[in-house]
Structure formats: C-alpha cells, structure tokens
Amino acid sequence: MTSDAAAVPGPLGNFSAFLASWTPLGDWQLELLLWLQALRHPVLTWIMGAVTMLGDDLFYVTVLSVMYWTSSSDLEGGHLARHHCLSSSPNLYSDSAKRLQNRQNTFDLMQLVVFSVLLNLVIKNLVDAPRPFEDFAVIEGLWTFTAGGASFPSGHAQTAATFWMALVSAGAGVGMGKRGRLATIGIACAFIFLIFLSRLYLGVHWPQDVLAGGLIGGVLGLIGPTLLKRFSRWCLIPTLALSGIGIVVFWDHSAMQLTSLLIGATIGHAQTGSDPVGRAKPVWMFLGIMAVAAAYGTTTWLLTAFGLPALIVDGLATLETGLMITWGVPALLEAVTSGFERV
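When we follow this note's numbering, the leftmost residue of the sequence shown carries the number 820, and every step to the right adds one.
No lab work stands behind these hints: they were computed from the structure. A few of these clues could be false.
What follows is a set of in silico ranges between Cβ atoms, one per label pair, in the way DEER data are often shown [unchecked claim]:
id, residue 1, residue 2, range
1, Val-882, Leu-1121, 26 to 32 Å
2, Thr-1117, Asp-846, 19 to 25 Å
3, Ile-1086, Gly-999, 33 to 39 Å
4, Val-1102, Gly-1063, 37 to 43 Å
5, Trp-854, Ala-1150, 49 to 55 Å
6, Ile-1056, Gly-999, 24 to 30 Å
7, Pro-861, Val-882, 25 to 31 Å
8, Ala-1112, Cys-1008, 29 to 35 Å
9, Leu-1059, Leu-1121, 23 to 29 Å
10, Cys-1008, Val-1068, 34 to 40 Å
11, Val-957, Trp-865, 20 to 26 Å
12, Ile-1004, Ala-1129, 40 to 46 Å
Note that beta-carbon positions come from the ideal geometry of N, C-alpha and C, so glycine has one too.
Take these sequences, add in the hints, and give me the full structure.
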C-alpha cells in the first residue's frame, strides 16, 4: 500500500505525509474505512449525511441563535461556568436552568464554539493533510461538499465535542436527578459518536482525524466554560489571535467570516437587555432564522454587485449576521410578541 501524500505540500513539510500514512495499528484505519464503505446503502447514506450536518458550523449558528433568542437577559451574576455553585442551591433546577439559559451563558458558549472552529482552521492549514478519498483511489468520498479544506483534525468532530461537552460541563440535566443527568450525558455522547461515525462512513476523514478533533473539542468543552469565567475580560484575545493567523497568514475566508460574526454578535450583545423574546412561539423562532438568512443573502448580493472583493463581502455580511442574531432579531421578536400581548 503506497500513498501519494508526500506530494502534498504544506507549511510543515512532510508532517502532512506523516499524518496521512500514520497507522499505529498497522493498516487498521484504511481497513476500517473500507469496511464501512462495504456497508453503504442509499438509505443509510442519507441518514449519515443528515447526521453529519449536525456537526456543521451552520447548524450550531442556528442552534445558538435560537438559544440566545429564547433565553433571559438576567445574568444572575454569572457565566456558563457557574455550575459549581449549584450543589448548594436550595432550588437546584431553577438555578441550573437560569444559568444554562440566560443570554450571557449562551453568548459565552458562542465565543467558545467560535474559538474551537478557528483553532481547527489554523491546525488544518498548518498540517495540510489530504483526505482519504484524495489520498487513496479505493476510498469513495460521499457528501464531499461537507469536506472543505484539509483533513486533520475533523472540524465536525471538534465542533460537536466542544458544544456538547460544554453543555455537560455547565451542568445540563442536573435538575432532573441522577438519572436525568446521566441521560443528558448519554445523549451528548451519542450525538458526538454518531457525528464521528458519519464522517468515517462518508469517507471524508481518517479515524485519527475524528479522534483528534474529538479530543481537542472535548477538552475545550470541559475546561472552556471555567476559563471564560475566570478570564472573561481577556477571553477574546486568543480568539482574535487565531483569527489573525487564519486571515493574515492563510487568507482563510472562513476565519474572516467567523471573526466578523463574533464581532457583530459582541456589539449586538452589548445592546441587548430585554426579556420578552423568551415567551416567543416556535413560529417566531423560524421567522427569526429566515430574517437572518435573508439579511445575509441580500447583503452578500448587494456588496458583490458593487464589485467588492470576496473576502470583504464575507466579512461584512457575517458582521451583519452577528448583529442580527444578538440585537436585530431579539428587538424584532420583542416588538412582535409585545404587540400580540396587547391584542
């Protein structure tokens, strides 16, 4: 078995070739992908494709947006990591729910997910490892539109592990007793595992990619909330440093989009202080998502029509998206729900 990975250039020279050919237990990684490939069926492929989208950045932008819109703006004096106080609380479920659902907590989670994705982009660009279907003709990549950039580490695995482990770390499910807590942890682990499996089934990652992504994301998810609490004044510095590397060194459009999204969300978050959104109906959540998508599409079209460079278009459009998520849509939903209450 030979690989042409050595022909793939990268900032770390032959490191990408080392990663692509690294098989610590013989050829088990290639054999595992071939075994999963032999199990493929059209229905199963669609299921795995749907599962893999649960690890996509856009999915978490949507989920975090809805969490933000439906949460309270009452900070309760803390951040996402304040779960260590829950054990002494006389009203365990109430305190846990407040800490997990207030807007500051959700905004902290946004920052953590953005940091994780930026870190993943920088590592991908540094390592520049080829994907299995690019390296071996016997591997057929499916849903390759979800496989942008290099292979190591898996962005889907890392983002999923960061998000779900952060929720677990923050105490999700503590108000439902021991069984509820274990069930919540089990659900989180199931989501992460299924996303891992989907990336392997589709042939877009090596096992080492999803394991590394899961490890990095899991560590960030478990310690990130605590670090955000202790260093809240400085938490944007490492994120902006990573974004600078991604934009200036690698000219990565995704890094520009993520940075602009976070800047816009930060500006909007500073302006938000109302609570009526928490009583909004699901239909208003859907309309909020549509409003964000429409604003992004319209801005992108207009700026492109003016002939601006793609990097600038991406940055300005996602800056507006961040503003819409944390300020525009909450203000809109507040007006709508308040109007219905007066009727």
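**Asked** Which hints, by number, does the structure contradict?
**Response** 2, 6
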